[in-house]
Amino acid sequence: MNHFPEAWGRPRDDVYGAYDHSYLQTTGPKAHTSSPAVTGTSVLGVKFNGGVVLATDNLASYGSLARFTDVKRLRVFGSNAIVGFGGDVSDMQYIDRLLESIDIRENYSHHGNMLNAKNLHTYLSKVFYKRRSEFNPLWNHILVAGYDGEGEPFLSSADLLGTTFSAPHLATGFGAHLAVPILRRLFPEEMPLEEVSKEAAIEALKQCLKVLYYRDARSMDKYSIAVITKEGIDIKENEVIEGTELGFC
Amino acid sequence: MTSIGTGYDLSNSVFSPDGRNFQVEYAVKAVENGGTAVGIRCKDGVVLAVEKIITSKLLKPGANKRIATVDRHVGIVSAGLVPDGRHFVSRARDEASSWRGVYKGPIPTSALANRLGGYVQAYTLYSSVRPFGTTAIVAGWDSEAELAVDGQVGTGPSSGSGGKVEGAKGGGPGLYMIEPSGLYWVSSTSASASSPIYHPNPTILPGGYYGAATGKGRQAAKAELEKLDLSSGNLSLADGVKEAARIIYVAHEDSKDKEFELEMSWISSVDGPTKGRHEEVPKELREEAEKAAKRALEGEDEEEEEKMEE
Amino acid sequence: MFRNNYDNDAVTFSPQGRIFQVEYAQEAVKQGSVVVGLVNKTHVVLVGLKRNAEELSSYQKKIIEIDSHMAIAIAGLASDARVLSNFMKQQSLGSKMTYGRPIPPGPYPQTNTQHYGKRPYGVGLLVAGVDESGPHLFEFQPSGLTHEMAACAIGARSQMARTYLERNLDKFPDSSRDELITHGLRALKETLSQDKELTVDNTSVGVVGLAPEGSKGRIESFKLYEGQETVPLLEALERADGAAEESMEVDS
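First to last, the sequence lines map onto chains X, C and R. The numbers in the first sequence follow the working numbering, run straight up by one, and end at 249. The numbers in the second sequence follow the working numbering, run straight up by one, and end at 559. The numbers in the third sequence follow the working numbering, run straight up by one, and end at 811.
No lab work stands behind these hints, which were simulated from the structure alone. Be careful, since some hints might not be right.
[Claimed, not checked] From the structure, some residues in chain C lie toward chain X, with a derived Cβ separation under 10 Å: (1) A312; (2) V319; (3) D320; (4) R321; (5) A345; (6) S346; (7) R349; (8) Q401; (9) G403; (10) G405; (11) R526; (12) E529.
[Claimed, not checked] Below, simulated EDC-like cross-link-like pairs (lysine to aspartate or glutamate); rule was C-alpha separation at most 16 Å, straight line: (13) C:K524 <-> C:D293; (14) X:K236 <-> X:E190; (15) C:K524 <-> C:D343; (16) X:K206 <-> X:E231; (17) R:K775 <-> X:E203; (18) C:K306 <-> R:D729; (19) R:K775 <-> X:E100; (20) R:K655 <-> X:E237; (21) C:K353 <-> X:D103; (22) R:K620 <-> R:E805; (23) C:K353 <-> X:E100; (24) R:K775 <-> X:D148; (25) C:K309 <-> R:D729; (26) C:K306 <-> R:D760; (27) C:K524 <-> C:D478; (28) C:K353 <-> X:E237; (29) X:K236 <-> X:E6; (30) C:K309 <-> R:E725.
Just so it is clear, CB atoms sit at the ideal spot from N, CA and C, and this is done for glycine as well.
Input sequences plus hints: build the corresponding full structure.
Next up, the structure:
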């Protein structure tokens, strides 16, 4: 038997045949991230008369393991915008630091940070698109909420491919399947935004979070919710879904 | 030995036979022609003030800012060549941003001063560049509260062991002045400029100057700063703002024929008015301080007149 | 051949702390024909006096559009100005591409006069632009100095224009868009030598500002008036001057 250190941990040649060195080649095609590691699930967002509300739960899963139970996935940008992150948590942290550096740079100008949510969404979607074009995507699906240049409520999504999509209510991840139908029933297409109250929007998101908690195995009952209005951003990060009944399990 | 005509003063990075670098000394002359700038380190914050001589009536009043923010918690004001000052600030911002890239947090003021000192000094080493025609005052507040790491998403488990020392405090005000030679002072009690380790006792932290002044009226300003007994650490930030305004007005006495604008900024502790950020002093407060400064000056004049009469 | 030992390059301080090369570059601006800029509450106006090399040649451009919300007026070396305007156009496009917003006008830090072998730009710029906070006018000098101005004039004989601007400074903020143009043209006229006058050929006017309340979009896009388009503007100037003269006669 070979006791030299370079053979430690290697399958024995006499048992398994010579080691296939092609696995260790440093030349040839390079692989970047091909799957997320620690992930957050759905992000939900609804526009209402005069603002937008976003919600996520506080869970970061490692595969099917509920690994971190205190992860805030709604990130505030300046005083004007919120970004809700689904997908890879470390990529979210990278983007969060990117946003921090932009906020610092914007505040160097005399007028402060003048980037609105729409500008931010344009920027982030380009970051995503650039990264996926390099075959090194940031593994997230995000919602950006705030106001556009005309001062109207703004809600739009961007994903790891750089795809953008905008609607009065949006959901990412499992929520795209479970929450959107509920939101569409509550706020039908023909219903003008003026008729959607802040309270109704918040109530709708709470209802969606509850359904998701029941049905999405990567969700939990602790959540964050952020309401953005002209008065500012009201963010609560340690809420608990009320009235859950899991006795039937 | 005079500098002119010897030939030793025509190029940067050249020593004269008596060991002087004349180009650096000439750069200091450019500083001495600039508007006066002062910085005061108070017990609960730092204040910066600068005298902006109005060179033309056509300038937009209040628009041309001379105090710049670096990251969120540092302010820089410089006297001398304005474009050089802007170059300096631009470098400071790059340093602060690269620090964040490595350490995921704000750069300590002392470390920033250290890096900028090195940068300015490098401009005295080569004949292909000229030294900075500015002396810059760098003021900052290193957070005394425990800051989250950039990109931190949660606080972790609420029970179990942790590595935190209860009640430990760091941070505090910092005030540094960097001259065209690259020279700057740090006090030996402070955290060493190259290491971001916080000193356990915030009252003697992070050091540099208690009060700094540069530009045309620096002599008068320094004399006034010395009267304040800053080393005892009793001056509050609110009083510091008033003193800074008064000192700029005193320093302006020698060039009374020229009009000027006063620009002031401050950085308070995390529980103070600016929450640890570098911001412009609010207009009302500045105007109040200016009124008080004018009153103080008139008072002095009257006293002098009385003496003359006697 | 040199005036003194300290003006050979842009990296030598004089014993008084001056940099002569930069000061000389400043002189290049004074060789260029005059441009004037002024601001009211909603608009910025640039006016320029164009020169032609000879009778049969065309006139040198004085006002260059950077973006729909920003333009520059130049005095000095036109080729240096082209380098700078191309740079500004790129920056502006970059901002529109990445953020979907027009770049705010402002003093941006520039590579300066601190390195050997580089010379300062021999051109002065007036930058006019609007952002959410309103109209802005900046003056850029070869030294790297930038100032935000309420009104400004640079180039040959610009002192006369500056005198006019200083005298009438308090009238600008409340004047209308058209009145502001007239003020600009009158400042420009002040700089002319005896045998010259403003014509459709040698006058350039550029205007950019905030759109009137209730209109679509916030910005009234930059508009350059040249050639025949300047006729109504020059006529307005003549009318205003005529009215002023008449009223003076009444006074006497």
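Verification of the supplied hints:
Of the supplied interface hints, the one on A312 (chain C) holds, with its beta-carbon coming within about 8 Å of a beta-carbon of chain X, less than 10 Å. For V319 (chain C), the interface hint holds, the least distance from its beta-carbon to any beta-carbon of chain X being 8 Å, beneath 10 Å. A least Cβ separation of about 6 Å between D320 (chain C) and chain X falls short of the 10 Å threshold, and the interface hint therefore holds. With its C-beta approaching chain X no nearer than about 6 Å, R321 (chain C) sits inside the 10 Å limit, and its interface hint holds.
Contact between A345 (chain C) and chain X, as hinted, is supported at the beta carbon level, the nearest pair being about 8 Å apart and thus within 10 Å. The interface hint given for S346 (chain C) is met, as the beta carbon of that residue sits about 6 Å from the closest beta carbon of chain X, less than 10 Å. Below 10 Å, beta-carbon pairs count as interface contacts, and R349 (chain C) has one with chain X at about 7 Å; its hint therefore holds. Below 10 Å, beta-carbon pairs count as interface contacts, and Q401 (chain C) has one with chain X at about 8 Å; its hint therefore holds.
For G403 (chain C), the interface hint holds, since its Cβ comes within 10 Å of a Cβ in chain X; the closest pair sits about 4 Å apart. Hint status for G405 (chain C) relative to chain X: holds, with the closest Cβ pair at about 7 Å, below 10 Å. A cut of 10 Å between beta carbons decides the hint on R526 (chain C): the least distance to chain X is about 9 Å, and the hint holds. The beta carbon of E529 (chain C) is positioned within 10 Å of a beta carbon in chain X (closest approach about 9 Å), and the interface hint is therefore held.
For the hint linking K524 (chain C) to D293 (chain C), the alpha-carbon distance of about 11 Å falls within 16 Å, and the restraint holds. With a CA separation close to 31 Å, the supplied pair K236 (chain X) and E190 (chain X) exceeds the 16 Å bound. Under the criterion of a C-alpha separation no larger than 16 Å, the hint pairing K524 (chain C) with D343 (chain C) is inconsistent with the structure, at around 23 Å. Proximity of K206 (chain X) to E231 (chain X) is assessed by CA-CA distance (about 22 Å); at most 16 Å being required, the pair is judged violated.
In summary, the hint linking K775 (chain R) to E203 (chain X) is not supported, as the alpha carbons are separated by about 35 Å, beyond the 16 Å threshold. Proximity of K306 (chain C) to D729 (chain R) is assessed by CA-CA distance (about 11 Å); at most 16 Å being required, the pair is judged to hold. Simply put, K775 (chain R) and E100 (chain X) have alpha-carbon atoms about 33 Å apart, too far for the 16 Å limit, and the pair is violated. At roughly 34 Å between alpha-carbon atoms, K655 (chain R) and E237 (chain X) are farther apart than 16 Å, so this suggested pair is violated.
Restraint check for K353 (chain C) and D103 (chain X): satisfied, since their Cα atoms lie roughly 15 Å apart, inside the 16 Å limit. Distance restraint check for K620 (chain R) and E805 (chain R): the Cα-Cα separation of roughly 35 Å exceeds the 16 Å cut-off, and the hinted pair is therefore not satisfied. At roughly 10 Å between alpha-carbon atoms, K353 (chain C) and E100 (chain X) fall within 16 Å of each other, so this suggested pair holds. Taking the CA atoms of K775 (chain R) and D148 (chain X), the gap is near 15 Å; set against the 16 Å cutoff, the hint holds.
Restraint check for K309 (chain C) and D729 (chain R): satisfied, since their Cα atoms lie roughly 12 Å apart, inside the 16 Å limit. For the hint pairing K306 (chain C) with D760 (chain R), the CA-to-CA distance comes to about 32 Å; that exceeds 16 Å, so the pair is violated. This hinted pair does not check out: K524 (chain C) and D478 (chain C) have alpha carbons roughly 26 Å apart, beyond 16 Å. The suggested pairing of K353 (chain C) with E237 (chain X) is violated, with an alpha-carbon distance near 23 Å, which exceeds 16 Å.
Restraint check: the Cα-Cα separation between K236 (chain X) and E6 (chain X) comes to about 54 Å, which exceeds 16 Å; the hinted pair is violated. About 12 Å separates the Cα atoms of K309 (chain C) and E725 (chain R), which keeps this hinted pair within 16 Å; it holds.
Consistency note: the structure conflicts with the earlier hints numbered 14, 15, 16, 17, 19, 20, 22, 26, 27, 28 and 29.
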